[in-house]
Amino acid sequence: MSDILAAGPKAKSAIGSVTLTREVVFRALRDAVLKLDPRKLTGNPVILATWVVAGLASVSAVVAVAGGQPAGFEIQIALWLWATVLFANLAESVAEGRGKAAADSLRASRVTTKAKLLVDPTTGTWIPTPAHKIGAGEVVLVEAGDVIPADGEIIEGVASVNEAAITGESAPVIRESGGDRSAVTGGTTVVSDWIKVRVTSQPGSTFLDRMIAMVEGADRRKTPNELALGVLLAGLTLIFLIAVVSLLGLGAYSGVKLDPMVLGALFVTLIPTTIGGLLSAVGIAGMDRLLKVNVLATSGRAVEAAGDVDTLLLDKTGTITFGNRMATEVIAVPGVRPEAALRAALMASLADETPEGRSIVDLARDQGMTAETPESATFIPFSAVTRQSGLDAGASSWRKGAVDAVLVGLKVGEAPAEFRQAVDRIARSGGTPLAVSENGALVGVIHLKDVVKPGVKERFADLRRMGVHTVMITGDNPVTAAAIASEAGVDDFLAEATPEDKLRMIRAEQAKGRLVAMCGDGANDAPALAQADVGVAMQTGAQAAREAGNMVDLDSDPTKVLQIVEVGKQLLITRGALTTFSIANDVAKYFAIIPALFVASLPALSGMNVMGLHSPESAILSAVIFNALVILALIPLALRGVKYRAIGAGKLLSRNLTIYGLGGIVAPFVGIKLIDLIVSTLGLA
Amino acid sequence: MDWRGWAEIVFTIGLTLALSWPLGAYLKRVWTGEAQWLAPVERAAYAAFGVNRDKGQNWLGYAAAVLAFSAAGFTILYAMLRLQGLLPLNPQGFPGLTSDLAFNTAVSFVTNTNWQSYAGETTLSTLSQMAGLTVQNFVSAAAGLSVAAALARAFAADKAEGLGNFWVDLTRIVLYVLLPVSVVFALVLVALGVPQSLSAGTPVTTLEGAQQTLALFPVASQEIIKQFGTNGGGIFNANSAHPFENPNIWTNLIQMVAMNVLSLAAVFAFGRMVLARKEARALAAVMVILVGAAAGGIYAAETLTPQPAMAAAGVDATANMEGKEVRFGPATTSTFAAFTTGASDGAVNGMHGSFMPLGGGIAMFMIQLGEILPGGVGSGLYGMLVMALLAVFVAGLMVGRTPEYLGKKVEAREIKLAMLAVLILPLAILGFSAVAAVLPSALKGLLNTGPHGLSEILYAYSSAAGNNGSAFAGLTANSPWWNTTLGIAMLLGRFAYIVPVLAIAGALAAKPKLAPTTGTLPTDGPLFVGLLIGIILILGGLQFFPALALGPIVEHFQVLAVR
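Which chain is which? The protein sequence lines are A and B, in order.
For the record, in the first sequence the residue sitting at position 648 is 648 according to this note's numbering, with numbers rising by one throughout.
For the record, in the second sequence the residue sitting at position 98 is 98 according to this note's numbering, with numbers rising by one throughout.
Just so you know, not all the hints are guaranteed correct.
FRET-style restraints, in silico, Cβ to Cβ [said to hold, decoys possible]:
1. B/L207 <-> A/P603: 45 to 55 Å
2. B/Y46 <-> A/L248: 45 to 55 Å
3. B/L447 <-> A/K257: 20 to 30 Å
4. B/K55 <-> A/A482: 15 to 25 Å
5. A/R655 <-> B/L38: 30 to 40 Å
6. A/R507 <-> B/A160: 35 to 45 Å
7. B/E322 <-> A/L36: 55 to 65 Å
8. B/P526 <-> A/G67: 51 to 61 Å
9. A/E496 <-> B/L38: 54 to 64 Å
10. A/G43 <-> B/A515: 31 to 41 Å
11. B/V326 <-> A/I678: 35 to 45 Å
12. B/V10 <-> A/R655: 25 to 35 Å
13. B/A312 <-> A/K257: 27 to 37 Å
Within a straight-line C-alpha distance of at most 25 Å, the following computed DSS-like cross-link-like pairs (lysine-lysine) qualify [unchecked claim]:
14. A/K512 <-> B/K278
15. B/K278 <-> B/K444
16. B/K444 <-> A/K512
Far from chain B by the CB rule (all over 10 Å, computed), these chain A residues [claimed, not checked]:
17. A61
18. A144
19. V408
20. R425
21. I573
22. T580
23. L674
Since the hints were derived computationally from the structure, they do not count as laboratory data.
Beta carbons: idealized from backbone N, C-alpha and C, even for Gly.
Just chain B, same shape as in the assembly (with noise of 0.2 Å):
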């Protein structure tokens, strides 16, 4: 540990930072439809798909055009998977998948997760991955921010039923935000060296003579999405460990600010739309401070927990370089690591089983906060706001006053919905994975046995209901059991969440604006910044910590026990 591994983290999360602002501003003009430029595309958009662009959806009509959405992408992605031997642009001719794995991709890719229990090289066509993943990469990311867009509008509207319109928020967000920004980094990533190919692969010979086919894909095209969009399914299972998905500290960059920049600036963007500057800024220190404490959380743990096996072993031990790429080191990887599971995102440049048992503690901890730091793209906006709405209304009373939160009331409809959205992490992680824990099929997917094959689990169901999609390497999900049940979590994580939340949205909309006094409950200094951090880390602290005590904190104090 060393003061360079600080100021990276420092660094990295200033930029993104510092992106996020100027994009927030442009995101605002995509929601409003004050952005124009690509206005012919737009309307022809419209023609071809038959919207129109004047009709609003209230909470019901938006969340059946969600679903409705959804429901359509995965059916199409299913049978395409499972279509995939007959399907071309298939060089290795792959065949095609079976049902359960083919239920929890398209699941997965859907629902913004990118869970992948297969290995993407030796597994998926380039159709598969162009015109199936690639797409939804797009498209559910474009369904977040859709859902955010239309909660922002509720919290600006007074007395109003219209939350927009689903089909333009779509679109918008897809043609305006998430492809010209992807089709220019796409080539910035290939011009540092990320491939972008169509050919089965190369074969070459190895340094010990061996053949050897390296798998080639159109990697760059999808990698940018993959980040951006905060998915984090790779093309290759190790993902952004891998020297084609990221083959230098550039590259490794652009990927750690691309998973957290459209999320933030989605936090600006609500800023502004809701008049509420000041209150988003607040959100995002919330969501900034947390996922920084979790990188230096991670970085902290991965350079001074004591190895002492290591060290008796002989090997340098000022660092846990197990599972990390010798090109990133402990603190980029430790960064990388708080990012993309505060982000809902996935990705992986380490395998997070392999970090120090606090470490990859802290990794599972920041997914079972919700994915609110700062979640994925518009998730972790919405997400954040239910958390805020729930530390409003408790500690918000101690002003003397009946909850509200940027002039909305907060009351008994919103803190049910509230309270029904926040139910399902724990049901869902916790529920599977006390079944999983004591299945023997579930448990021959296990690679190690004790509190590291609990955390497996644990990991396994808090990354799919989160909508993360990273793993805790040492599960072999591809299963029936693991395939089925993760899918499950996933549809529970984004659909038995999003609907509450447009609920919620329909509620808020439906009240009146309420114009601040000196006697409402201030929601942006750093009182509330801290009263909201502590909401959430006792919140999910609760929830977790018995599970968690189990895993990762007693094979802590197991490892600290061997000195």
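The following block holds chain A by itself, in its conformation from the complex (with noise of 0.2 Å):
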């Protein structure tokens, strides 16, 4: 979705790379089969009814055999309703799996060998020390080609770091002791050069333990969403228990002869199995489709948030505009030619290696210009004193550089009115106006901007109308911000900003009862990253600045946090979904069921029977095995998602609510219907 943001080359992950292997599909069977375990269905009421009362139909079906009576109904429906409970578990041990798979291939990359453990920093005298007895305050020796035993801070050194066991990421990235890219992670490996390493982790805690917590499922709590469905849901299964307890007292005063096993299996088709069944499939489903795309959440709860966020709080530089300054015209004072102030430009920029030198060569490149920096000459560089740079080539000499700078070098007392209005042109626009001269002369101005990546005006389109206020975040002036924030199509900024600024918007935000995402990597981004709603911190960036925010983006991309809304919002759509589609099928099953409950006492109710069912027996017996089919048949959508689209709520309502309501009441009608044809061909009932 958002590949017209993704920076970068698209890493190939140590977790998102597990797909359903063979293997992963047997140990979902296996682990489907170990749930069948009552207590590990404490957690969900609707399932563990059904497991009690297949568990009655079961033992009610030995009775009958072993009575010598007829059994076959009785043996079908236990099997049935077993099937159900099943498919339930296979629901969840599937979503599970991907997570186990990728948790198993993180544990292999954990630290085995000794680490140096540095008992004298000041001498380097270091002890081998297994990994996992190092606490945090030690000091570690990581010389090129040790694995790094540990989170920790550099405290001293420089080292290329292959993190790709973490990221999936091959090429090696630069850590150093202060700033902001002193972070690293154990479980990575210093390809070049040595560091000194305070370890910041307690052992069985560091952020590769967690990771592995994480994707394993194994701290896996319910969410505040997930709470209230769950409520819900058992709120619903009381009301159809006391719907089917009651019927013995009315049957028994219309006559009726009820058999327990099919009351039994009224109330379990009843009862919302299906959105019982697959409901933590599709918490844990949505934790790994964040996986897929490298992000790691540290709680279901922060991909809930993430689907209900009202404001995103974006970075200008990286996020929004390419994050370098590009120069995209060259504009000559009268009198000189146009291609006399480009080639002046590009001369004065031949040396100059700054991103924005560089874009000043390959604009020229681009409109034919090309040029050799002369022998003999001499780079000038830019100063915070001359506020300009360029070349000395014997007596030529081009300067480029801040307008004001260059014109008091030049001594000109009053620039051309074309060059003023140029100048004031490009500033309005959020530009940056860069004076050229050529041998003391002035011969133009550069336009250097800021330039929005492309597709980011459509995406935030979108999130509008998914009901995402957004707002950018820089350091620019008034006016440079409000051009690009106009440009790029964000709904608001917030220009000079500091991190306090930063902070307090978040506050505010949320004083307004609003949710608030946004990402960061410095460590002066962690108060913000930890008061937001969403925090992704980025993987390369400060240690502080993971540890606070409540997701991490492995690829360090700040677009992500698009992809991560939208993720949440599918989490949240698809529990909605089925939880209607659960609900609406109940009026088929009542239309099968209760027809062939009554009919035999009283013939006049086979009125009800619409749907034209064979007999009572092959009725309840398809309504059980569409009950029981339909979670399988969901587990796909459980797991995938329902697709999310940005076409605003009310549309979005009716689409859905077409789908999956209208779709819930007519679909099991057609299904039971099918079943019902099957079962009686092939004489089940």
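Once you've looked at the hints, go ahead and assemble the two chains, each given alone in its own frame, into the complex.
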């Protein structure tokens, strides 16, 4: 979805690469059977109730068989009830399976070798110590080829580190002491040079350990919305229990002989087994979808919050714009040919290795102009005093720099009016004007522009339709900020922003009841990341930032936050769709089972058999089979998630209500009828 | 069935809706304290009862006040009914009521149900009617509207705790709304021929020459509040089918409008108070559409279902007139039945037990849907808001946000409380019915056997738990079993609902009020109306469909089979 914005090559992550292999499927099947242990079902009242009914049905089938009575119907009902429980378990274990497989591959990269524990950092004396014995506060030496034993902060040295174990990205990154790149992660490997690392994590709670626990779902807690939904489902189960149990009395009055097995079957088909069975799978799959895009969430709560985000704070640089200002045009002063001005700009930039300088060379090349650095040329570097840079070659000299500085240097009292106008126009549009001179004469002005990434505008329009308010954060002055904000189509901007401003803005938004998402990587972002409802830290960022956020983007791509919002929404939509579908299904089940239940004693009720089902037994069996199979059929949807479309809440609701509400009413009429045809043709009932 | 019948249904609903709009605007001013034209009387009342009008209550305080007030009302009424023989204004010299009947009756009127296990004209003295029942007709209605006001304040609040003051709400609603309207329209009813008398009755000689005493009561004064406060308990056993309570089509029209107008007005007042007029209109639309559908459904059942036995007997079979007043006819009676069951009113101008099975079944189903169409005064609004919270929660997720309604997030606590409230109805209706259906002492009260007898049982508990009060004629409920269990069902249906609702109000008030965005689920358009209707019908249908299958539905198919 956000391919347009995705910066850099898509890394194949250690965790994103696990697919549904035979092994994963096998493990899921095995886990599904293991989960039949009722103690594992206590958190899921709907499936637990199904388990109880399946147990009772089995007992009654066994009693019938032992008594020598025909029990084919009872056995089939009992088996399908067990299948219902099994399918629900399968959904959960398939969802967990991916995570478990990913956790295994992560576990393999945990340090098993000895680390070099510095006993005296001044002399560099170290003793080999097992990694799991190194606690927070101790200092280790990591040299080329060593695996970093635990999370920590570099206190000395600079090294290139291969973080593929965590990010899947094999190109090494530079880590050095001081600043925002001093954090290292346990399990990653130093490729060159050496560093001294002060360990910040306790044994067993490193980033890698937490990551393993997260992807495995070991400490998965129910999210707030999941809890609320669980209450609703438990309440519905109770209501149906009342409705079914009351039939004992009402049926007795009406002279109806009620088969307890059939009452049990009615109960199970009415309670929301579909969503009850798929609920936890939906939650796990949501985390998993984040993993696939290389984002680690520390809790399901964070994923859920992502769907609810009202305000999105985006750093301008890197997210909205390419980060570097680029030259887009060179405007000549009157009396100078445009080519001459461009050439002067090119010459002034030839030796300039800054991104801005490169972009001027690129601009000239795009217009078919190249130049070689003349021999004996002297590069005049940029300095804070002169505020210009350039090139001297023999008698020739070229300069470019801040407009006032260049003018002062040239001792030009009054610049031409056209030049002034061009400078003003550039500044007003949010760009930066650079004056260019050649041999002491003003020749033109370069327009340096903060270029907005293609496709961002459409993306922000999507967000607006989702109801997400976008705010651009930038250190630029308000004029520049306003120009870029309007070009990118963000709703609001915060100019000349300091980290404190960010924090203040988040608090202000939250005070208005809004949920705020942001991403950040610097240590000074940490308070804001912690305050935001969804704080996405960059994996390459400072340790403090990673600790403060509730998500970590392993690709360190700030545009990822848009994808995170979508995953959160998708999670909630899937839950709602399956709940609606599950409840809507019951209408048809009533028309199948109620006449079947009573028709022997009250023949008039056959008028309710609108589906024309073969016999009471086949009607009941078909409803039970449909009820079980629908869980199986919806597992892929639960794992994949219902597609999110940024078409506005009203349209989205009407679309999903049609599919899952109306569809949920109609589908079982068709499904039960088909199953009834098969069941009666095969002579099963 | 003809176009005039349909036109009458549409006209009655339209008139009610048209009048409820300005009444809602006024009710909002009463709720907020803006209406002040009776300020001196109001101040005197506070002084007399020692009410500090500025003291706010949190949800617990508010709930405690509602419960304490109702308990006191029950105690006084119970004592009055038991001691009736010793008290004045008893021209007919009626004795005190038995303990179970007094319990049932006191509960019935305190809970705004007005289920009557007795025949009024031969059981209750003028004092019991006027100072006992009529008083509760006013204050139980006011209590319902007060709870609705508290919930409205909760939706309007932004991180607040106070829900208002129950004593102030109660006083203001009685003083500014119930009393003035009742005084005016009681006089209108008198003008239209409804008696208002303190005498013991008038002796008359019948056409056959027999001597008979026509019972006379202060009918008009009780009649208007009976409808306007969705109480429904008549002076006479035949209720609004009795010519003294409801002599002609004009009094009938006033009664029909009166029983829905205040419940709908509460919805509009809510919209004004919460600054969600469009959303309130959607709720009113749901109510009106479903009550209209029910009226049409009953009308169709009463005029379309073939009546082979009648045809065979050579009787006009174009409409089922059994149990209907000829002066009202099938359309009026059907509309009245839909209104009274939809509104938790319980007055009847025809006998629901004599309706065709589907007609009676629809009336029963209207009660089972939770008395929210438009429901009792105030109680209909808060019941509908509970359904709206559930609808928003289930379907609202499908827009990809955790659900919110009117700027309030719907979370586990609200859902837990809403489910608790919703559970009460099936528990009381199906639970008691299942036991009564097999209990010989209970079955003795039934007039019919078979499915119709079961309908009598189901209807009685539905009516009690839904605080409706109408009966499926045929059940003789004045026995210890029925009086006691129906009393319990009424208490559950009223207070086991009000307490969770106030707890929801407390939870909602404490939440921040969120501004809607384009990502917020719209809760004002036709889509939401359809969604809410779907949730109400499916949830209600799923709970009661099996039971209804054994009652009205099987009876319907049996009637069809006779042909």
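We went through each hint and held it up to the structure:
Between B/L207 and A/P603 the CB atoms are about 48 Å apart, so this pair conforms to the stated range of 45 to 55 Å. Distance hint check for B/Y46 and A/L248: the Cβ-Cβ separation is about 54 Å, which falls inside the suggested range of 45 to 55 Å. Checking the proposed 20 to 30 Å range against B/L447 and A/K257 shows it holds: the Cβ atoms sit about 26 Å from each other. As the Cβ distance of B/K55 to A/A482 is approximately 51 Å, the hint placing it in 15 to 25 Å is violated.
Take A/R655 and B/L38: their Cβ atoms lie about 52 Å apart, and the range 30 to 40 Å is violated. Under the hint 35 to 45 Å, the C-beta atoms of A/R507 and B/A160, about 21 Å apart, miss the expected range. One distance hint, 55 to 65 Å for the beta-carbon pair B/E322 and A/L36, holds here, with the actual separation near 58 Å. Hint check: B/P526 to A/G67, Cβ distance near 58 Å, so the stated range 51 to 61 Å holds.
For A/E496 and B/L38, the Cβ-Cβ distance of about 59 Å falls inside the hinted range of 54 to 64 Å, so the restraint holds. Hint check: A/G43 to B/A515, Cβ distance near 36 Å, so the stated range 31 to 41 Å holds. For the pair B/V326 and A/I678, the supplied restraint of 35 to 45 Å is violated, since their beta-carbon distance comes to about 57 Å. The hinted window of 25 to 35 Å between B/V10 and A/R655 holds, with their beta carbons roughly 33 Å apart.
At about 33 Å, the CB distance of B/A312 to A/K257 agrees with the hint of 27 to 37 Å. At roughly 23 Å between alpha-carbon atoms, A/K512 and B/K278 fall within 25 Å of each other, so this suggested pair holds. Restraint check for B/K278 and B/K444: the C-alpha separation of about 51 Å exceeds 25 Å, so the hint is violated. Under the criterion of a C-alpha separation no larger than 25 Å, the hint pairing B/K444 with A/K512 is inconsistent with the structure, at around 62 Å.
Every Cβ of chain B is farther than 10 Å from the Cβ of A/A61; the closest lies at roughly 24 Å, confirming the non-interface assignment. Annotated as non-interface, A/A144 keeps its C-beta farther than 10 Å from every C-beta of chain B; the closest such distance is 48 Å. Non-interface status of A/V408 relative to chain B is upheld: no Cβ of that chain comes within 10 Å, the nearest being about 51 Å off. The non-interface label for A/R425 is consistent with chain B: the shortest C-beta to C-beta separation is roughly 35 Å, beyond 10 Å.
Once the 10 Å rule is applied to beta carbons, A/I573 is inconsistent with being away from chain B; the minimum gap is 5 Å. The claim that A/T580 is not at the interface with chain B is violated, since a C-beta of that chain comes within 10 Å of its own (minimum 6 Å). Taking the minimum C-beta to C-beta distance to chain B, about 23 Å, the non-interface status of A/L674 holds against the 10 Å cut.
When the structure is compared with the earlier hints, violations turn up for hints 4, 5, 6, 11, 15, 16, 21, 22 and for no others.
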